[in-house]
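First to last, the sequence lines map onto chains A and B.
Under the working numbering, the first residue of the first sequence is numbered 1028, with each subsequent residue one higher.
Under the working numbering, the first residue of the second sequence is numbered 40, with each subsequent residue one higher.
Keep in mind the hints are simulated off the structure, nothing from the lab.
Honestly, I wouldn't trust all of these hints.
Subject to a maximum C-alpha distance of 30 Å in a straight line, what follows is the list of computed DSSO-like cross-link-like pairs (lysine-lysine) [said to hold, decoys possible]:
(1) K69/B x K221/B
(2) K166/B x K1247/A
(3) K1247/A x K165/B
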Amino acid sequence: MNTTTSPAAAAGAPVDAALPKVRVDYLPLLLVPVMALVMLPLVGSFPTWVTLTFAGLAMGMMIFIMASGLTLIFGLMDVLNFGHGAFVSVGAFTATFVLLPMKGWMEADSALMNLAVVGLAILLAMLVTGLLGWAFERIIIRPVYGLHLKQILITMGGMIVAEQLIHVIWGAEQIPLPLPETFRGAFILGDAAVEKYRLIAVAVGLTVFLTMFLVLNRTKVGLLIRAGVENGEMVEALGYRIRRLFVGVFMAGSALAGLGGVMWGLYKETLTAAIGGETTVLVFIVIIIGGLGSVGGCFIGALLVALTANYAGFLAPKVALVSDILLMVAVLLWRPRGLYPVAKR
Amino acid sequence: MSEILLKLEGVHTHIGQYHILQGVDLEVPKGGLTVLLGRNGAGKTTTLRTIMGMWHASRGKVSFAGDDITAAATPDISCAGIAYVPESMGIFSDLTVRENLYLAARAGEMDTARLEWIFGFFPALKKFWNFPAGNLSGGQKQMVAIARAIVEPRRLLLIDEPTKGLAPAIIQGMITAFRELKETETILLVEQNFNFVCSLGDTVAVMDGGRIVHAGMMADLAADQELQQKLLGLSLHVHQ
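Next comes chain B alone, as it looks inside the complex (with noise of 0.2 Å):
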């Protein structure tokens, strides 16, 4: 069995008077892409900001390579390893492209072979290197978004949503950027677009009512039709 490198375990998490996750459950095993799949408002974006320690959990425990990190703060989780790349992208558009993943490495200069890489995957950023992060278009901003998290070895990705918005060639991009990332990152996906990480994701969670319904093996989900329509319902049509 694979070792578990992030656990959470009876997340509650409260904004304001809201009480979005309700006891998530989650294991994220060390190697490979874990997709959690969810509708709108399931909290699968609240799991990945309580992960961040943007929203800390009220209750619950979150793990993450044995340590404890419920009540850590944003900068240390992102200091021990974990990157983030937000459903907004949260890129700062003032800045360029270079100057935005120059930030990101927190070693102090950019290894230029992992850049390579990188444009390997991404050889717009190449093109737009001294381009306003601002300028660019949707699909490539979240290049720079995706590139930023990757600009040094991470040991977990938290990715919200790549594909939101955009075109289909450019979510066939990504997906060939995915497959290739997962053999040496540790991602967690979230996601809504079924199609997009039925043939990506090797383990899978989905989310309910701010709690994880199921978690399994995506071959298993991706096998199963009234697997996937009792715990996906219409947002799988929507989406397909």
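The shape of chain A in the complex, shown without the other chains (with noise of 0.2 Å):
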């Protein structure tokens, strides 16, 4: 072989080495299936585990809507985003201009028209936090980038304001948001009832998962989110303007927010101004749990969470106070980054 004038020669030794191996972390998708089978012979019934089961995974799948877009945010912009309930809020009571003008669509008994007036508030919401998040993101974030304690301040702040907000415009009572009609009841597998909203939840969930893995890993827009998470100064390197970029994941994770908000609303069926507030803690667990930045590692660690979360308030009430911080002193102890670490520069 030619060493000096022929450039395939250039890098001759590494070409011959075996291929490296494409380390595929596995370990912690088994958590989930691992955790409810482990479930089963400690509920003891298997129709109450179904039940318990699916009502974890729906709920997970409502804190991974809300949290999917914090952990982005984090990921990228380095920014600790306190105030994220308060999109959360904001979509929920966003999505009474809809619903509640609107209560004869919600209380027909077509699910069409259920669909309809869901989808129309689902709209609204993400349309306005999303707006809500571009405020936010240039008012708010952008003096106190690069500054974690100011970032904490001034986003829980933020918090306070959208709260007082909500206050002033909706008033202080509670707001009853009943499902729509169609929405309503169970379906029966054997012994077991799952509810429909469940199922549906489980449903929008997972969808967004799938859009989020198929924007992020097959998209440019994806591949320089995930290239900006890990080295943002080399995307800037690279001719891209990630400011930009920041914007528009901000704006995005808000309106994933918003739309948690109006799942998790459709969910208690009721709306106080602390919706987000009360969020707000579990959603941190989570993108904790899964590894600051990870997509993958926040849907994971919201299915445990809920699931721990079921399982316990099932089977020692007093413990289900206390066991997701249990769940993620037990995570951590395990993978001090969280799940799936996000590298960084």
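Both chains are given apart, each in its own frame, so use the hints to dock them into the complex.
Okay, here's the thing in structure tokens:
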């Protein structure tokens, strides 16, 4: 081989090397099915286990929808947004602009009409929270990039302001948010009852997860987001304006929180201004367990948190209050940077 | 005399309270390979980062092809035709080799003929095309980083210590690659390994204490042991 004139010889040694092994980390993927199977004998009754497991999966999907945007925002922008819950609240309350005036459609015994009204409410909620996210990034986040302590303080402040604004606009009273007629009731599988709305929540959560997976893996924008999470400076050195990517991701993350808010509000069938604040702790536990910046980790983390809460609530109600904290401690003892830590520069 | 592609005039750069570049004057002629030598902490990496707009000059002027880019944003500098290979390589380890190069191809799809040209330099990349870049060896990662910089024609390549931590066999491959590359691209190469660059460089600048202390033809420096000793001192012995 001519090593001085042929460029093909330039890296002769490495090309002869063995193919590197692609390390796929399957262990975290097994946690959800293993947890569910381990709980089966402890719960004792198969129908109860099916009901608890579906309830956990549905709750997990809704938490994932709320948390997925936050984990991307942290991963890409290094922003600790403690005000994320505000978008959940605003999303849920914005939906009332559609759901309450169109009560007739909600109460109609027509799946099409029910879906149309909920779909419209979701679209409006996502639009409003997306735009609110744009304003939040420009006014509140932009001056504190890179300043974590200030980020925590100012975003918590933003959350308080948002809650008070909700009181001003919608009043301090709870707002009932009944499920649409055809979303009510349960499917009976043998002796187990699975609520229809929980199945819908699972379907919506899976759709969001698959969409995010495809966008992040199959599109240039997705690749740029993943690259930006790892090394934003290098993305800029390749000629891309990462600030625009920041704004886009912040708006998308806020819109997803809005969607999560609508789903969560319908799940609870009642709205209070604190709905976002109540979910904030769960959302943070999820993104820490999953590995900050990892959408896949966030998905598994959300399912684990929700299943743990449901199983613990049934088996040991007193432990249920701290079960998610215990889960987080256990995961972090095993993997201190979360289930799927994102490589950082 | 060759046309000057990149020119730094009295450039000062501060990083926090530290005054790193203290009046850098540097000219990179169009075509060929210019080497920026210097000991650790001399300011070589800061010079490249200042050119790329990652740290902005607090004083002085950076001109590229006649345009003032002193205060330009990094993406604009990149789009003007400057590619950067940082010391850390900056590869996206979660992305495949193909995806790493795809992101660098700003025009859209990668040019197949150019890819084959790159595979000529770095055949390993073809083999590991769909592998996550994070799973590659240090040398292979360096190939990804350089390939990413040349996946489209650029007017200037800034390359920061490409041989750092690499095995001698891979360094030899790099020498061959750079010898070919400099025929078509203008390169500003930061190095501490004098043996690596003495046969490659056309022009050379030596930095010390945040300033350029010598600039001239590489052949002259390579032939003058006394000047090497004076300019590079201990660092030369360490790397020889």
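Outcome of the hint check:
1. K69/B x K221/B: Given pair K69/B, K221/B holds - Cα atoms ~10 Å apart, limit 30 Å.
2. K166/B x K1247/A: Holds, at about 23 Å.
3. K1247/A x K165/B: holds (21 Å)
Comparing the model with each earlier hint shows no violations; every hint is respected.
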